[in-house]
Amino acid sequence: MYYILLSLTSECCGVDIMQRVSILSDGRVAVGPGTLYSLLSRFVKENLIFETNSDGRKRSYIITAYGRKLLSAEYNRLQKMIDDGKDIMEGIF
Amino acid sequence: MKEKTTLKKLLWFELYETDAIKDYLEEMALKGWRLKAINKLYIFEKCEPQKLIYSVEIFEKAKRYDTVPSPYTLEFIDYCEAAGWEYVTSAGTLVIFVTDQENLVPIQTDQMVKYTIIKKSALKIFGIYAIIILSMIFNSSLSHDFIYTITVNSELLSILFDILVIYLGLSQFIYFVYWCNSAKKCIKAGKKIKSLNRKNIRIRTFFQLLPIFISIIFTVYSSCKRQDYSLISFMFLGFLLSFILLLIGAILAKKGYSREKNKKNIIKIMTIVILIVSFVLIPAIHVISDFEVESHCELPIKLEDLEINASSQKNTYDDVNSTFLASLSEFTDSFIYKENGKRIFLSYTIFESKIDFLINTYVSDSLNDNYTSQDNTPWGANAIYKYKKDNDEKIMVVYEDVVFIYYGNIKLDENDISYIKTALGVE
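For the record, the sequence lines run as chains Z and B. So the first sequence is residues 1 to 93, counted in this note's numbering. So the second sequence is residues 1 to 427, counted in this note's numbering.
Treat the hints as calculated values from the structure; they're not laboratory data. A couple of the hints might just be wrong.
Said to hold, decoys possible - Under the rule of at most 25 Å between Cα atoms (straight-line distance), these lysine-lysine pairs were calculated in the DSS-like manner:
no., chain 1, residue 1, chain 2, residue 2
1, Z, Lys45, B, Lys124
2, B, Lys120, Z, Lys45
3, Z, Lys58, B, Lys63
As the structure is a computational prediction, the values presented were derived from the model and not from experiment.
Start from the sequences and build out the full structure, keeping to the hints where you can.
Pasting the structure below:
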């Protein structure tokens with residue numbers, strides 16, 4: 001979910017999201033096409049993203065203001081987790 | 001001999017057994033059979049034995065009766081093809097992909113998403129089942145004449161059908177709940193959702209189909225043995241309807257049905273169905289129902305048998321219903337003397353069953369407060385109940401397998417009783 005929303009901070013065609021996620025995560029995260037298709041439909045329903053363009057079967061999406069808010073909350077949560085462990089981890093290594 | 005190049009297999013999988021289909025297709029590819037299409041049957045074509053990886057997906061937006069991909073399905077296929085998967089075929093909500101690359105990203109990378117899709121699709125089917133079962137229960141609550149039900153074959157057959165549908169629905173539902181639980185446990189433990197293997201599915205299918213086969217064989221056997229035309233015609237109509245439904249299925253498959261694409265085709269097919277029903281089935285029902293009028297059972301006791309000299313202008317009514325559980329025969333013979341207008345009548349009901357419970361139920365259903373228990377002689381029965389109303393007399397004689405209820409204004413003497421006992425076969 002985090003990587004899909006990150007990919008959609010700029011307009012992107014549904015099919016290209018998989019590639020974008022892979023580039024963003026440096027190949028560590030792979031999202032399957034079936035999972036992506038289901039999540040995109042769910043995100044549109046939950047108003048996290050919206051459809052910008054539909055060219056035949058190619059549909060493009062971009063994040064909504066509400067989606068951006070959730071993404072930022074998730075980013076802060078992850079950042080906080082990193083900060084929490086920072087002192088200990090840096091002390092060890 | 002010409003070598004076989006295509007292989008057709010009838011497979012029965014539930015929606016939550018997609019992994020079992022995947023395993024089966026991979027096994028077949030190793031044996032040199034590659035899936036080509038699904039058209040009710042799974043159609044394979046000969047290929048070099050190879051290691052292939054299949055992915056069997058449920059696509060929520062597809063409709064159950066789609067035989068060609070809808071625009072939504074095509075969009076889904078585009079996603080999967082962009083990820084490197086090769087589209088094989090689709091049937092209803094199933095979409096099948098294949099690849100020979102071992103490290104390709106799976107189509108479903110999130111087990112929770114996969115679980116939700118399967119659960120939703122399966123629940124839709126159970127919703128339909130629930131509606132059918134509820135309407136059956138409502139229907140059976142309308143007709144509650146127990147004795148009528150156990151003595152008329154078509155009634156028994158419809159109850160048998162109801163029980164089978166409920167059995168199938170419930171057994172699948174119990175299994176589905178079990179699958180949901182184990183899937184949730186797998187997700188919690190961060191593992192892949194497990195599904196039954198082929199062998200277990202075979203056992204499950206066998207136990208689900210067994211009662212259906214037994215019922216069909218039993219029904220065909222008992223109706224042929226008894227030469228019960230009403231039951232045979234009932235079954236004939238069932239087979240005819242099933243055949244028509246299969247034919248419609250085949251036409252839809254050939255036309256490449258997709259709800260979004262071919263609305264016009266559906267209108268055409270529905271018109272054909274209505275025409276078939278009105279021009280073929282309705283007259284057929286009339287022709288077949290002619291068989292039912294003729295009774296094939298001879299009732300033994302008439303006015304003449306009790307030495308009443310009745311003229312030919314007497315009124316006679318008889319009705320016989322019998323099933324393998326019980327039989328109920330009703331007979332009335334009446335005659336009015338021209339000279340004094342006095343009516344002589346004889347009416348009786350014979351209920352026969354080898355099952356004690358049914359005999360007891362029939363007796364307790366028929367007994368009312370007017371009956372009083374009577375001396376057993378000369379009937380030699382297990383129990384006798386009698387009640388008198390003016391000159392008319394009603395006697396219920398209960399034997400082990402037979403209940404005889406006499407109603408009439410002829411005083412039965414010992415000879416008559418002896419004759420009746422012989423006719424009933426209880427002497």
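### Task
Any hints from earlier that this structure breaks? Give me their numbers in increasing order, please.
Checked against the structure, no hint fails, so every one of them is satisfied.
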